[in-house]
Amino acid sequence: MSPAFYFFLAILALLSALFVWSLRSPKGQTDPAPSSAIPQDVQGSHVTHLPQIRRALAPVDVEFASKRIPREALRRMQRERRNVALTYLSALRAEFQTLLHTARMVAAFSPEVAGGQELERLVLTLNFLWRYRVIRIGVWAGFTPLPQISDLSDLLSGYSVRLEEAIRELGERAAMVAEMVSSPDRRRIDPI
Amino acid sequence: MVLCAGMSEIGTLERVLWGLSFSLNLALVLLLLYRRSYRSYPCFLLYALLNLSQAVVLFASLQRWSFGSAAVFKIAWGTQGMIILARAASVAEVCRHVLGKYRGIWGLGWRVSVAVAALVLTYSWAVGVRSWLLFVVTADRSIELAIAVAILALLLFAHYYQVVIEPAARFLLLGFFLFSCFQVLNDTILERWLRQYTSLFNLLGTLTFLASLLLWGWALRLDQRKAKSQPQLLSEDHYRLLSPAINARLKALDVQLGHFWRAEGRKT
Numbered sequence: 011m012s013p014a015f016y017f018f019l020a021i022l023a024l025l026s027a028l029f030v031w032s033l034r035s036p037k038g039q040t041d042p043a044p045s046s047a048i049p050q051d052v053q054g055s056h057v058t059h060l061p062q063i064r065r066a067l068a069p070v071d072v073e074f075a076s077k078r079i080p081r082e083a084l085r086r087m088q089r090e091r092r093n094v095a096l097t098y099l100s101a102l103r104a105e106f107q108t109l110l111h112t113a114r115m116v117a118a119f120s121p122e123v124a125g126g127q128e129l130e131r132l133v134l135t136l137n138f139l140w141r142y143r144v145i146r147i148g149v150w151a152g153f154t155p156l157p158q159i160s161d162l163s164d165l166l167s168g169y170s171v172r173l174e175e176a177i178r179e180l181g182e183r184a185a186m187v188a189e190m191v192s193s194p195d196r197r198r199i200d201p202i
Numbered sequence: 005m006v007l008c009a010g011m012s013e014i015g016t017l018e019r020v021l022w023g024l025s026f027s028l029n030l031a032l033v034l035l036l037l038y039r040r041s042y043r044s045y046p047c048f049l050l051y052a053l054l055n056l057s058q059a060v061v062l063f064a065s066l067q068r069w070s071f072g073s074a075a076v077f078k079i080a081w082g083t084q085g086m087i088i089l090a091r092a093a094s095v096a097e098v099c100r101h102v103l104g105k106y107r108g109i110w111g112l113g114w115r116v117s118v119a120v121a122a123l124v125l126t127y128s129w130a131v132g133v134r135s136w137l138l139f140v141v142t143a144d145r146s147i148e149l150a151i152a153v154a155i156l157a158l159l160l161f162a163h164y165y166q167v168v169i170e171p172a173a174r175f176l177l178l179g180f181f182l183f184s185c186f187q188v189l190n191d192t193i194l195e196r197w198l199r200q201y202t203s204l205f206n207l208l209g210t211l212t213f214l215a216s217l218l219l220w221g222w223a224l225r226l227d228q229r230k231a232k233s234q235p236q237l238l239s240e241d242h243y244r245l246l247s248p249a250i251n252a253r254l255k256a257l258d259v260q261l262g263h264f265w266r267a268e269g270r271k272t
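Read top to bottom, the protein sequences are chains A and B.
Residues in the first sequence are numbered from 11 upward in steps of one, following the working numbering.
Residues in the second sequence are numbered from 5 upward in steps of one, following the working numbering.
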């Protein structure tokens, strides 16, 4: 048998698997609506819980506790800390998915789409999801040390502000158009 | 339906299947006309008509020439070339039907699909057997594989952007995809065991075509049920302002996740 023979068989198997996967509809999926493309609550970020998470993961707490509480209690405490980290990871992923959904809806309902932006998002998504799986397994199994996660809160807040500004600008433009349409002098209608 | 022998040399089963596929093909054309589906799918009607014409031409040829004659070979593969092109156009038409209403992603989607299909076509041609005897088989396989990949690329695109594919288009694409994949498989085996496999190639090809005809017929039965609605598109500003801002925030979340990653790296 030539390698080409097996190559084509493998390609067909892969294509069939991908085809079945791509045809499967997520539960309860309906046609998307343009209104779902506009984020409603950009401030609802996990970042707001960072001080508590930071406290829960602080290494000094463990050091302090290890000298004062029995080993069993310490083990339970570490398990709980790990659960906090896992919850935090889930929150990161949930926020990522929400943003991704918004971005996809915006792209789907836009008359023009930039290939570069879409490719960048695809790469980010693949990178995020792959690392998320590896890290989650690592944290769950206890292989990964719990990190310091506080110093990026400012950065994330900065990006939230940027998104808020974009939404505000869109709102202002929509209001301006509405005002122009309702004004008697309609020759001035030019939203751009 | 190609590579058939003279009618007397064809087995009873093959003749029955051939007749059945001709009848179903005729029914499909009538269904397309009766349901006025040709308004949405004119290329598909052309494809179905070309299939019917090929069957008639082959039948007439086999009355005159024998199995394996050069004339039948040329007629069969010559008409097959036109049919493959019509099928490619039909696939493009169905894909446009699915994604066309979303102007932005359709613009990107068809370019990506055509690029991927062209790459696959070139690659599968390059790895194919370089023999003039197998020229048509290799060409057929390359084009069929490119069609299958183009369908898949569009479906993945629709899945990624959460575009719901209506059942009729889904069954049409399923029929095209299954047919193309099976043709690739059939051509690959034929290329390997040329003479010994010819009769089985005909039989399996006809069976696949029958299955696809049933799927297409089912799809056209469903087509009229769903009313078409055009989504209201956002202004260009939305994408221009929101998309970079969302990407930046996604990047920040990715960096945040990277802290766990680096922590793991430090430990190891």
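Keep in mind that the hints were calculated from the coordinates and are not lab data.
Everything numeric in this text was worked out from a predicted model, so none of it was measured.
Don't take every hint at face value.
Unchecked claim - FRET-style restraints, in silico, Cβ to Cβ: (1) 244/B to 89/A: 41 to 49 Å; (2) 144/A to 222/B: 49 to 57 Å; (3) 214/B to 132/A: 34 to 42 Å; (4) 31/B to 132/A: 23 to 31 Å; (5) 107/A to 118/B: 26 to 34 Å.
What the hints assert, rightly or not - To give an idea of the chain B side of the interface with chain A (calculated C-beta under 7 Å), a few residues: (6) 20; (7) 21; (8) 68; (9) 69; (10) 72; (11) 163; (12) 181; (13) 250; (14) 251; (15) 258; (16) 261.
Glycine residues also receive a C-beta, built at the ideal position from the N, C-alpha and C atoms.
Subject >> Violations among the numbered hints >> reply: 2, 4, 6, 7, 8, 9, 10
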